[in-house]
Amino acid sequence: MSPMTPQQLAERAPTLELINAEITASIARQASSGRNLDTKAVLLIGYAGAAASFLASRSSQHVLAAFAYAAYAAAAGTGIWSAAVRVYQDVPEPRRLFTEYLARSRAETLAALAATRVDAFESNSRKQARKATGWWISLGCLAVGMILMILAVSSAYW
Amino acid sequence: MTGPAARGDDDDPVAQFSDPDLRHGYAEYPAPQGQYGGGPPYPPEGRAAARQGPRRLLPWIIAAIVVAAAAAVVVSLVH
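These protein sequences, in sequence, are chains A and B. Quick note: the first sequence uses the working numbering, first residue 613, plus one each step. Quick note: the second sequence uses the working numbering, first residue 10, plus one each step.
One should not assume that every hint holds.
Claimed, not checked - Short, incomplete list of chain A residues facing chain B, as computed with Cβ under 8 Å: (1) V699; (2) L709; (3) A723; (4) A724; (5) V730; (6) A755; (7) M758; (8) M761; (9) V765.
To be verified - Just the calculated beta-carbon pair ranges, DEER-fashion: (10) D21/B with G658/A: 41 to 49 Å; (11) D21/B with S669/A: 58 to 66 Å; (12) V75/B with E629/A: 44 to 52 Å; (13) D20/B with Q619/A: 13 to 21 Å; (14) A622/A with D21/B: 16 to 24 Å; (15) A36/B with S717/A: 32 to 40 Å; (16) E629/A with A72/B: 39 to 47 Å; (17) F733/A with P68/B: 27 to 35 Å; (18) R624/A with A73/B: 49 to 57 Å; (19) G661/A with A36/B: 19 to 27 Å.
Claimed, not checked - Stretches of chain B that chain A covers, calculated by requiring three or more beta carbons in the stretch to come under 8 Å of a beta carbon on chain A: (20) 27-36; (21) 79-87.
These are computed hints drawn from the structure, not numbers from a lab. Idealized CB from N, CA, C, for every residue including glycine.
Modelling step: build the complete structure from the supplied sequences, incorporating the hints.
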């Protein structure tokens, strides 16, 4: 695709507006999804802490309990990593938008906003994918810890 | 000079128009607002798409963990 001229850009201003609105809606859904992931990660951290506290208050088989504690620690660690504050990309940077785009046409400004939002969306997506991976690892560690805790608590009475 | 010309990527429209200086870091997910920054946060197709894939397994995994925890409590209290 050859580079667009300013004239071509001006002709496509309505399309650019639509594209910009759609990309912005995608970023809004991405933001909401990230907040949901944070909430779920905090739930896992709290659950791992509560389960570890329960295990500490019971008689249990020591080796299994040690592995259960390790699994809970891993669950809490990956959960905290998943919920940790990250720096996400936002568009536009207000000063740059005002100073550089005041003299430009509406179509040029829309094109710059939409294209930059694409880059920001892709950058944020990669961070969110890592966050989701951390959450699944945390959930897996928690599940393993629960199984080990059941075995540790029940085997103490065998 | 920043932007597409600096990167020498003339074939990609995103690279052609993207302005890296328009981006800035935000410590949490920003929620776009405004006439050209708004938009429906949850269009129906977005919700439908969100129900696909691994999320369908999530309630079952959480239920399994809750049941396992309850079993551990019962076992420890019985003995």
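Now for the hints, and whether the structure bears them out:
Here the hint on V699/A is kept, as its CB sits about 4 Å from the closest CB of chain B, short of 8 Å. Proximity of L709/A to chain B holds as hinted, the smallest CB-CB distance being about 6 Å (cut-off 8 Å). Restraint check, A723/A versus chain B: the minimum CB separation of about 4 Å is within 8 Å; hint holds. Proximity of A724/A to chain B holds as hinted, the smallest CB-CB distance being about 5 Å (cut-off 8 Å).
For V730/A, the interface hint holds, since its Cβ comes within 8 Å of a Cβ in chain B; the closest pair sits about 5 Å apart. For A755/A, the shortest C-beta to C-beta distance to chain B is roughly 6 Å, which falls under 8 Å, so the interface hint holds. Look at M758/A: its Cβ gets to within about 4 Å of chain B, closer than 8 Å, so that hint holds up. About 5 Å separates the beta-carbon of M761/A from the nearest beta-carbon of chain B, less than 8 Å, and the hint is met.
The restraint placing V765/A at the interface with chain B holds, with a minimum CB-CB distance near 5 Å, inside the 8 Å limit. For the pair D21/B and G658/A, the beta carbons lie near 45 Å from each other, so the given range of 41 to 49 Å is met. Our hint of 58 to 66 Å for D21/B and S669/A holds, since their Cβ atoms are close to 60 Å apart. In this structure the hint that V75/B and E629/A lie 44 to 52 Å apart at CB holds, the actual value being about 48 Å.
About 20 Å separates the C-beta atoms of D20/B and Q619/A, a value consistent with the hinted range of 13 to 21 Å. A hinted range of 16 to 24 Å for the beta carbons of A622/A and D21/B is consistent with their spacing of about 21 Å. At roughly 33 Å, the beta-carbon separation of A36/B and S717/A lies within the given 32 to 40 Å, and the hint holds. A beta carbon spacing of about 45 Å between E629/A and A72/B agrees with the range 39 to 47 Å that was offered as a hint.
A beta carbon spacing of about 29 Å between F733/A and P68/B agrees with the range 27 to 35 Å that was offered as a hint. Against the hinted window of 49 to 57 Å, the Cβ-Cβ separation of R624/A and A73/B comes to about 52 Å, which satisfies the hint. Under the hint 19 to 27 Å, the C-beta atoms of G661/A and A36/B, about 25 Å apart, fit the expected range. Only residues whose C-beta sits within less than 8 Å of a C-beta in chain A count toward coverage, and the segment 27-36 of chain B has 10 of them, enough to reach three; the restraint holds.
With a cut-off of 8 Å between beta carbons, the segment 79-87 of chain B has 5 residues touching chain A; three or more are needed, and the interface restraint holds.
The earlier numbered hints are all upheld by this structure, with none contradicted.
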